[in-house]
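Asker: Residue numbers (the working numbering), protein chains in the order written: chain A, 1 to 265; chain B, 1001 to 1350.
By construction, these hints were calculated from the structure, which means they are not laboratory data.
A virtual CB, placed ideally from N, CA and C, is assigned to each residue, including glycine.
Hints may be right or wrong, so weigh each one.
What the hints assert, rightly or not - Listed below are the simulated SDA-like cross-link pairs for lysine to any residue, each with C-alpha atoms no more than 20 angstroms apart in a straight line:
no.	chain 1	residue 1	chain 2	residue 2
1	A	74	B	1118
2	A	74	B	1218
3	A	62	A	75
4	A	68	A	203
5	B	1190	A	203
6	A	33	A	176
7	B	1190	A	129
8	B	1190	A	135
9	A	131	B	1189
10	A	131	B	1209
11	A	62	A	30
12	B	1190	A	33
13	B	1039	B	1244
14	A	201	A	242
15	B	1190	A	125
16	A	62	A	13
17	A	128	B	1190
18	A	131	B	1194
19	A	128	B	1209
20	A	33	A	204
21	B	1334	A	152
22	A	193	A	158
23	B	1190	A	193
24	B	1190	A	150
25	A	174	A	142
26	B	1190	A	176
27	A	174	B	1209
Claimed, not checked - Listed next, the stretches of chain A that the computed footprint assigns to chain B, with coverage defined by at least 3 CB atoms under 8 angstroms from CB atoms of chain B:
no.	region
28	106-113
29	167-179
Unchecked claim - With beta-carbon atoms standing in for the labels, derived distance ranges:
no.	chain 1	residue 1	chain 2	residue 2	range
30	B	1114	A	245	55 to 63 angstroms
31	A	148	B	1335	56 to 64 angstroms
32	A	189	B	1335	37 to 45 angstroms
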Amino acid sequence: MTGTGDLYLELRDVSKVFGGVFAVNNLNSNFSKGSVTSIIGPNGAGKTTVLNLITGVLPFDKGEIFFKGREISKLGPSQICSLGVARTFQDLQLFNFLSVLENVTVGYHRWYRSNLAEILLHIGRFMKEEKEAIDQAMEILSLFHLERKAFELPSSLPLRDRKLLGMARALATKPELLLLDEPVGGLSTEEVKEVAETILKIRDQGVTVLLIEHRMELVMDTSDWIIVLNFGEKIAEGTPYEIQRNEQVINAYLGGEAEAAEYDN
Amino acid sequence: MTFAGISRSLLNYRKLIYILLGLVFVLFGLLDAWGLSSKYLLSTMIFIAINAIVALGLGLLGGVAGQISFGTSAFYAIGAYTSGILSTQYNLSPWLTMAFSAFLAGVVAYIIGRQVLHLHGFVLGVITLAFSWILWRLTGQLTITGGYDGISHIPRFAIGSFVFTDDIHYYFLVLGILAILQIIALNLEKSRIGRDFRAMNIYHGGSEVAAMTLGIRLGSTKNLLFVLCAVYAAIGGSLYAHYVSYLSPEPFNIHYNFILYLMVVLGGIRSVWGPMIGASVYWGLKEGITYGMPEGVATAGISAATEIIIFAVLFIGIITFLPQGLVSVPSLLKERHRRKTALRHERALG
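Let the hints inform the model, and build the full structure from the sequences given.
Answerer: Below, the structure is given as structure tokens:
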């Protein structure tokens, strides 16, 4: 029942059915520690579903998921978070009436130790912890160049900053595994480059990244490994170099040779 | 450390003390200005403070955290009847009965909360409403609650030989308890738990899914608030029982839940200050309506109907035109002033 060191995150025969349709069908995958792995595929290929299954947001019908050799198939989202898995959302799901800073401090949640009495009376460990959380949150915000917007509401930020805030909030949980759901959808080419640099920076800090993205420039620039899904099934996997030359992938997704050549170095 | 901490958190809420002092002064000012009997006005002030306590718990649960509960009247009843029964039949001190009733309400809320709090929105509302209804009917049927005859001769609070017999003393007692509970509510809101429950308030820009994936355990956070709301309601109920000294089922009618929501919405549903302001305004209006009614009308039962109509219109009006309640008025005025000034500057320039 235990995985080896290489099998950091492992999906075994995972299936999820929505009303008779396989959103994910018998998916087997291994993700190695410290890498950036991307899942790509056309719309409706089941990419986001895979993310929801890993983070416990959706229960699945068949299969097992192991994280660091421990089965997490039956755990809830907050338990999975406490094991060191964090994620962002395609539609961001920011807390719209909490300030940017507060959004990030919510992510710091699992590191608090003060008890209820200390919280209700604002005594003991509480004040120190609160200050610690704010300091840490500001540090994370400065990584994303958001520290000057700490007291604004998320709705007042441009899309790029809101995407980054989603990542900052997830990073505040100090995860080992970070799952990013379309972090650059709707951003300009310049902004995509910035996000790519940030993702690599996060990876260099020892965080394993799982990325779902349509924007090939981001996927090809950051990924060590790519998994291609179509109709819930894995049709290919490999390094960016291999994927760009995979006939099946080109037909299903990349849309012909011309576009594939565009990413050819 | 502990003492310093408590005094610091008191200092943080200097504003609160000002407002409470304000309430006291308002009381004495009004006594002269209206020329009303002081006894009557004082009892109104006591009811305001008791209702503010109950509404405060609901404000945290229903407003700030966005959980719809109509169970508050039931916990109010648990508080009142537990106090009433224990102090009349077992001669326990009111302090003890209040503590015990708060504890009991908390336990009951915890057990119910574990079963129903994973439910959303109106399902939770309907189940808690059913609970309130059952408890309300039971108070009229059971022998231990005295049925429709109720319980009488419930004693007042006492410290040593000093009994809070005078209303003015009781008023300050209730006000003191309200102040403590208000500080606790403010502390809770300005903590990680406060952030957690604002984050998961789906009616106010929050996201339960995102909250869960950030490690917040939704069930236990909601249940904590549900218990807290019940404890506040029970303390209010206990203070009520020891004040009026006579209990009958009527005040614990499920209608009370809607009146509490009116108070919370009136004052400001997202604010911890809202319930206190809402309770004051509600009772002020209620008494105003009763007094403003022409002679003879009140006895015809039209008074009660008019009251309901006026409050219904008020409720709709507040939700439509002032969704953040009366507490938002100063900031709205400030914003309006700012805009006007900006416009004037613009005109002057161009």
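Asker: Decide, hint by hint, whether the structure agrees.
Answerer: Consistency of the hints with the structure:
no.: 1; hint: 74/A x 1118/B; result: 18 angstroms, holds
no.: 2; hint: 74/A x 1218/B; result: 17 angstroms, holds
no.: 3; hint: 62/A x 75/A; result: 15 angstroms, holds
no.: 4; hint: 68/A x 203/A; result: 17 angstroms, holds
no.: 5; hint: 1190/B x 203/A; result: 34 angstroms, violated
no.: 6; hint: 33/A x 176/A; result: 9 angstroms, holds
no.: 7; hint: 1190/B x 129/A; result: 13 angstroms, holds
no.: 8; hint: 1190/B x 135/A; result: 16 angstroms, holds
no.: 9; hint: 131/A x 1189/B; result: 16 angstroms, holds
no.: 10; hint: 131/A x 1209/B; result: 26 angstroms, violated
no.: 11; hint: 62/A x 30/A; result: 17 angstroms, holds
no.: 12; hint: 1190/B x 33/A; result: 38 angstroms, violated
no.: 13; hint: 1039/B x 1244/B; result: 13 angstroms, holds
no.: 14; hint: 201/A x 242/A; result: 24 angstroms, violated
no.: 15; hint: 1190/B x 125/A; result: 15 angstroms, holds
no.: 16; hint: 62/A x 13/A; result: 7 angstroms, holds
no.: 17; hint: 128/A x 1190/B; result: 14 angstroms, holds
no.: 18; hint: 131/A x 1194/B; result: 16 angstroms, holds
no.: 19; hint: 128/A x 1209/B; result: 29 angstroms, violated
no.: 20; hint: 33/A x 204/A; result: 11 angstroms, holds
no.: 21; hint: 1334/B x 152/A; result: 19 angstroms, holds
no.: 22; hint: 193/A x 158/A; result: 17 angstroms, holds
no.: 23; hint: 1190/B x 193/A; result: 38 angstroms, violated
no.: 24; hint: 1190/B x 150/A; result: 17 angstroms, holds
no.: 25; hint: 174/A x 142/A; result: 15 angstroms, holds
no.: 26; hint: 1190/B x 176/A; result: 29 angstroms, violated
no.: 27; hint: 174/A x 1209/B; result: 18 angstroms, holds
no.: 28; hint: 106-113; result: holds (count 6)
no.: 29; hint: 167-179; result: holds (count 4)
no.: 30; hint: 1114/B x 245/A: 55 to 63 angstroms; result: 56 angstroms, holds
no.: 31; hint: 148/A x 1335/B: 56 to 64 angstroms; result: 23 angstroms, violated
no.: 32; hint: 189/A x 1335/B: 37 to 45 angstroms; result: 39 angstroms, holds
Of the hints listed earlier, those the structure fails to meet are numbers 5, 10, 12, 14, 19, 23, 26, 31, in rising order.
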